[in-house]
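Taken in order, these protein sequences are the chains called R and C. Going letter by letter, the first sequence gives residues 303 to 411 in the working numbering. Going letter by letter, the second sequence gives residues 442 to 551 in the working numbering.
Hints listed in this document are in silico derivations from the structure and should not be mistaken for laboratory results. For glycine and all other residues, C-beta sits at the position ideal for the given N, C-alpha and C. Do not rely on the hints blindly, as some may be mistaken.
Facing chain R, from chain C, some residues (calculated, C-beta under 8 Å) [as the list claims (entries may be wrong)]: (1) 483; (2) 484; (3) 486; (4) 529; (5) 531; (6) 538; (7) 539; (8) 540; (9) 542; (10) 543; (11) 545.
Below, simulated DSS-like cross-link-like pairs (lysine-lysine); rule was C-alpha separation at most 30 Å, straight line [said to hold, decoys possible]: (12) C:498 - R:398; (13) R:398 - C:512; (14) C:506 - R:398; (15) C:458 - C:510; (16) R:398 - C:459; (17) R:305 - R:371.
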Amino acid sequence: DAKTTQPPSMDCAEGRAANLPCNHSTISGNEYVYWYRQIHSQGPQYIIHGLKNNETNEMASLIITEDRKSSTLILPHATLRDTAVYYCIALLYNRKLIWGLGTSLAVNP
Amino acid sequence: EAQVTQNPRYLITVTGKKLTVTCSQNMNHEYMSWYRQDPGLGLRQIYYSMNVEVTDKGDVPEGYKVSRKEKRNFPLILESPSPNQTSLYFCASSSADTQYFGPGTRLTVL
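The following block holds chain R by itself, in its conformation from the complex (with noise of 0.2 Å):
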């Protein structure tokens, strides 16, 4: 599975849009991009996924570049609830996530 790259921490200002960024070069082409994050302790939630093209859910939208080695999560409008631990996991479609350290998110007022 191809490992992903993500900066340690963020901050992003409440109401502004939240881009976490990830790096996947090994990714190879049958290889999803995940998105997860864990508030605080909490069981891990599921955020979005794709292959190759952009995708939008109510949550988030995921854009992955062309040659498909990096990819940028967006929340549009941040607020203090999306403070956590956002991951990035790139695996075959097989259910496995092998999980990194993530990108510690905080949303400041």
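Take the given structure of chain R and dock chain C to it, following the hints.
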């Protein structure tokens, strides 16, 4: 409501005293798994199950057992817990493209 439940949520025990952490899901998923989360190490998979009576080791299976006698339940068994198994444990249940996690069990082994 679709959910994964774990019990207990918190447990303090002593070395060598067998314990079981239960996990149950109501989504009729075939795939279930157990993770542990430790500071600086992230989440690591302990065991997973592709279906009833089908289980396999994950990345850190030593000291753990699992069983899958019915689809909804996937208990994690520590036959002889040791202090290095002090951790935060998560059970997960998977649809075709999404994993749903339980609320976690914080285990302390003295």
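Hints breached by this structure: none
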